[in-house]
Amino acid sequence: MSVVYTVYINGREYRVERSEEDTLLINGKPFDAERYVVNDGVMYRFNRKSYATYAVPTSDDEPQYHVTVNGKGMSVELEDEKTALMKSFQIGKATQLQSATVRSPMPGKITRIMVTEGELIEAGQGVIILEAMKMENEIKAPSAGIVKAIRVKEADAVEKNTVLIDIS
Amino acid sequence: MSVVYTVYINGREYRVERSEEDTLLINGKPFDAERYVVNDGVMYRFNRKSYATYAVPTSDDEPQYHVTVNGKGMSVELEDEKTALMKSFQIGKATQLQSATVRSPMPGKITRIMVTEGELIEAGQGVIILEAMKMENEIKAPSAGIVKAIRVKEADAVEKNTVLIDIS
Amino acid sequence: MSQSIRSILVANRGEIAVRIIRACKELGIRTVAVYSEADAASPHVRYADEAWLIGPAPSNQSYLRQDVIIDTARSANCDAIHPGYGFLSENAGFARAVEKAGLIFIGPPASAIETMGDKTSARKLMIARGVPVVPGTESAVTSPEEAEKTALEVGYPILLKAAAGGGGKGMRVVERPEDLRKALESAQNEARSAFGDDRVYIEKFVVKPRHIEIQVLADAQGSIVHLGERECSIQRRHQKVVEESPSAIVDAELRARMGQAAVDAARACSYVNAGTIEFLIDENRDFYFLEMNTRLQVEHPVTELVTGIDLVKMQILVAEQKPLPFTQDDIRLQGHAIECRLCAEDVRNNFLPDTGIVMACRPAQGFGVRDDSGILEGSEISIHYDPMFAKLVVWGMDRMDAIRKMRRALDEYVIHGIETTIPFCRFVMEHPKFIDGDFQIDFVQVHFRPEDLPEPTEDEEIAAALAAIEQHERWELSAAGKSNGGLQIGRCSPWALRNRGGGSR
Amino acid sequence: MSQSIRSILVANRGEIAVRIIRACKELGIRTVAVYSEADAASPHVRYADEAWLIGPAPSNQSYLRQDVIIDTARSANCDAIHPGYGFLSENAGFARAVEKAGLIFIGPPASAIETMGDKTSARKLMIARGVPVVPGTESAVTSPEEAEKTALEVGYPILLKAAAGGGGKGMRVVERPEDLRKALESAQNEARSAFGDDRVYIEKFVVKPRHIEIQVLADAQGSIVHLGERECSIQRRHQKVVEESPSAIVDAELRARMGQAAVDAARACSYVNAGTIEFLIDENRDFYFLEMNTRLQVEHPVTELVTGIDLVKMQILVAEQKPLPFTQDDIRLQGHAIECRLCAEDVRNNFLPDTGIVMACRPAQGFGVRDDSGILEGSEISIHYDPMFAKLVVWGMDRMDAIRKMRRALDEYVIHGIETTIPFCRFVMEHPKFIDGDFQIDFVQVHFRPEDLPEPTEDEEIAAALAAIEQHERWELSAAGKSNGGLQIGRCSPWALRNRGGGSR
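Residue numbers (my numbering), protein chains in the order written: chain Y, 1 to 168; chain P, 1001 to 1168; chain U, 2001 to 2505; chain C, 3001 to 3505.
Think of the hints as simulated: they come from the structure by calculation, not from any bench. Hints should not be assumed to be uniformly reliable.
Stated by the list, open to error - Listed below are the simulated DSS-like cross-link pairs for lysine-lysine, each with C-alpha atoms no more than 25 Å apart in a straight line: (1) P:Lys1072 x C:Lys3169; (2) U:Lys2433 x Y:Lys72; (3) P:Lys1140 x C:Lys3169; (4) U:Lys2100 x U:Lys2149; (5) U:Lys2169 x Y:Lys160; (6) C:Lys3169 x P:Lys1109; (7) P:Lys1160 x C:Lys3169; (8) Y:Lys153 x U:Lys2182.
Said to hold, decoys possible - Over 10 Å on every C-beta distance to chain P, these chain U residues come out as not near it, computed from the model: (9) Asp2049; (10) Glu2050; (11) Lys2100; (12) Leu2152; (13) Leu2453; (14) Glu2458.
Since the model is a prediction, treat every value here as computed from it, not as a measurement. Where a beta carbon is used, it is the ideal one built from N, C-alpha and C, also for glycine.
Assemble the whole structure, with the sequences as input and the hints as a guide.
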């Protein structure tokens, strides 16, 4: 049985298919790559060029990864056939994108909350000041929307990835 | 139940005992060490000094290890209580030491055999020339004795650790 | 009168502690590291001859504990304490306590720290000795109202500046009167949290200046030399990020004049040991005394690479009351050096500090590349300390050779598990204005847009897709409780593979 | 007449291929690596812009395949080929074939390789130009009988020397007539296997000489400069192991005379590009031409560190028909540099080459330390190639500073999984005769006994005992099929630990 993934990177889509005989198809075309496990991840070579990669999962429940390729970092989202099928019955990707959360990028202390619940905000607008590593860091909204819930209060100590604000 | 090992290093003996409560005794005296797993092995710290260690097994059936400590390599042999008990009933350590083998320290090609079966040899005497890495390397007898069996012939290709000669 | 130092306690952590320990090892001096609980397996602890635990992770319970550090130095039979930079390095009280305990403080006399550490007295002294200074207030701000009044007198834009410490903490530029109160509050908060001292003062903000500093070395015999300049104008939030020596705009004549001013400044406060006089240079190449850093600087390696002089070894020599082994005439600058500070920060996300475990780390190597690092594979970058984990420094035959070498070294540097400022440094090395030497301290603000960072190529995205799928399938295999043979590959280091009988291919 | 090189095929492997690729990257030149099946994941392959597989592991089926390499250079659109050292670097036929294929050979003209590569013609030329040579035969030995006759004429001790190549392979010192036949056979065998050429000739063995060589650089315009000397007397089995620049016994006057002789030698064969003239120096500091190496040397970094000149970049510049950017007067030696060749050899067991997978590797870092390495963690050291895996090179303010720095760097170098010559290098750096600069090429033979290597302390043995027990218990747990939680620790790298939810402590 062949395995098919749809891969989302930087707004582009790649269809990666692996047949039972381990032949690889990318966007429908046969693709030939060497693969080496090296001390710092997996190295692929194709078209005579080497790609040193390192992948770390970034979500507990979604197949999302942060991958570094030759020093460039990118976010990668996978969708296998099963997920794709489920999506077609349920709420799709498009809907999901309209709600967002602001998470703390690092552990620290909340020093100021700059928005209130119900407020309409712009993408990139500063919403929270987090003090960490002795610097005040302004956390910005990842997308425009309405502040649905503020989950923290000033002086709270938060862990990395704590949800701070829900935007809808 | 406590665990006891006798450890042989460079001709010296250390008795290492670990109680059920994980208290460590070395040669009968309580011993306090911190332990850190680091990228390149295990680091211990005692008396405020750090010891970076790395241990590799050197035998398939005996508890023998090559350990590097702060860059110095040494051979370490372990004996637990069970082994010690068995030894007291069977052929002991002393007897074992009287027979020896010459093994190839690396893969290569046998270019000359310098001894014959039945010959009396000295410790350190050259017995075989092994060509490897484009150099001729003289392999020496680890101990004195009589050449019991020559297991290879000239022009043989050998792997690392192949038994070349038995000495009795 | 000279006395040999046999044993040094290094009262610091990270790359600078490692740097100092290396110099000591080369001099045959025994080293004693101190460490917080968070640093028990850190490189500085492992490299030192001995290591003493001094407290929990927060600095004020460990690296800032003067009493514990001095007691440790005595218990460990040290002759001297090297404070590095940051922490207790510019604390006159500490320097005095060290001397009182019968130990040598490897740094300037407490009186010099005091004089130059207080911005007000430093300014007064410089004015008295004819060293030009930037216009501004002579004492710390006492109230928001007073600040507003003073700022109007000096004239906007103004700079709010913490009386203690440096490194951009507690600093704010204020362009309009209506922003002053908010900025003052924020600067005071930051200063209080970083230095335990919330005094802030006001000075004229010189528009578009370059920040250029002069390294000096002074011995106990009264000889003072300068080692040329460091160009430190590439800054972000008043924090230096790229430094070089020599500066593209300093010629021999200007170097001699600035050097003389720096030597005068050092002599004015009876300075001994290594120190740095920071200047602002305006568009007319007129320079103004900014402040003196009475310690080793983060960016000292660029000076070492162009002069061949080991500043830490000289600090120790001078602390032994020995005379400097050279005069001003012996000092020549050869070639060109550049330093990039590598920080755990997310460049695309407003340089937010990142934390985590360093999964893989292989610094750049080769001719003319120096990596002063404070981490190892497996080290944790935590919230407790500065996000700078290493300094990548290169030497080239000339400025362009050094720039090209830095690009190569940045490309070669492998680090996984944390976001770093490497892409940002790469951006600077490619920028035409940087290449032309045509920049001021607002370079980053004016020229850097995260969107300009290079996007991955299609082939790089395909490699990323393959890597993510591979990681995903390993993960699923593991979750399904299947053979963990698959799980291991790629997440285990080679020794695990070897033990399982296979090679890495 | 000059032409820019845009793309270079590096016809080599290991550290020197990496070295060349780094220089190319700094010049903005595209690099194409070639590799054997054994090197598919090697650093030189990973660092290059492109990598082409050229054959199986044995050199004569890959790195020595002239036809395949030239075809690859053309297919990959290269302008030039850099041969590195060893392999095809001193093969005049290859240099000619490269030129014939319309590519640039980054090295001297084929005619110069030929003249200097043939020991006989080189000797004749040197004698004609007044460069002093060691007494010996003018042609290769044709029979054991002839060899015996010739050896008696020259006078024992004599040196048997392969006509092709260098690096100690195919060389034997013979002290007594009765040892000659056996030594000749062995030298011929080794020469045949290493170079495919079993011609061996005889020369007088100068007793207790020093081996000192001069680096030259010549451009196509006829300018030839020398870059001072390298002291290469620390050798084992005629293989250099430690090199330095300058030499402890060469003063400015002798340097000038040897430098002139070297420039004369290069001019005699119309040399262009980088080359080295090797001399023997006897007790009276009289020097004799030994041979010319018509290529980049292994030990070139020590010259780079004291002159600041990048030799690989100069090779490329000269190959582009551009003139050297400096004259003899511009070249100054600053400070002191030492190189240690790090090999996978068991120092305590007669330097037997070791093979295996490099389990952990963390080279030394910091001011004045350069590591030119050809391996990474996980690399396999195989029987197919030279056991040298890296060159550790240091720069110090003076010779003693460099020695101390080398000690520190050797102590800091972490490598597990293979035996290395690091303990031997450490021994050299501690030896009073080395420190005094009082040694000849028999230094190792006379002074080194494996028994003199430092023994572990009791505490180090205790640490070893703990490490062995820990490894043993993990092993037993695993064999017993128990939870592999224990199994993982210490054999997995940190990312595995992180994924399991824990830190490294």
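Comparing the hints with the structure gives:
Using a Cα cut-off of 25 Å, the hinted pair P:Lys1072 and C:Lys3169 is violated, with the two alpha carbons roughly 30 Å apart. Taking the CA atoms of U:Lys2433 and Y:Lys72, the gap is near 24 Å; set against the 25 Å cutoff, the hint holds. For the given pair, P:Lys1140 sits about 22 Å from C:Lys3169 by alpha-carbon distance, which is consistent with the 25 Å threshold. Under the criterion of a C-alpha separation no larger than 25 Å, the hint pairing U:Lys2100 with U:Lys2149 is inconsistent with the structure, at around 43 Å.
At most 25 Å may separate the alpha-carbon atoms for a hinted pair to count; U:Lys2169 and Y:Lys160 meet this at roughly 23 Å. Taking the CA atoms of C:Lys3169 and P:Lys1109, the gap is near 17 Å; set against the 25 Å cutoff, the hint holds. Simply put, P:Lys1160 and C:Lys3169 have alpha-carbon atoms about 23 Å apart, close enough for the 25 Å limit, and the pair holds. With a C-alpha separation of about 20 Å, the suggested pair Y:Lys153 and U:Lys2182 falls inside the 25 Å cut-off, and the hint holds.
Its closest Cβ contact with chain P, about 7 Å, brings U:Asp2049 to no more than 10 Å, contrary to its assignment away from the interface. Listed as outside the interface, U:Glu2050 is inconsistent with that label: its C-beta sits roughly 4 Å from the nearest C-beta of chain P, within the 10 Å cut-off. No beta-carbon of chain P is positioned within 10 Å of the beta-carbon of U:Lys2100; the least distance is around 25 Å. The non-interface label for U:Leu2152 is consistent with chain P: the shortest C-beta to C-beta separation is roughly 57 Å, beyond 10 Å.
The beta carbon of U:Leu2453 is kept farther than 10 Å from every beta carbon of chain P, the shortest such distance being approximately 29 Å. Residue-level check passed: U:Glu2458 sits 34 Å from the nearest beta carbon of chain P, beyond 10 Å.
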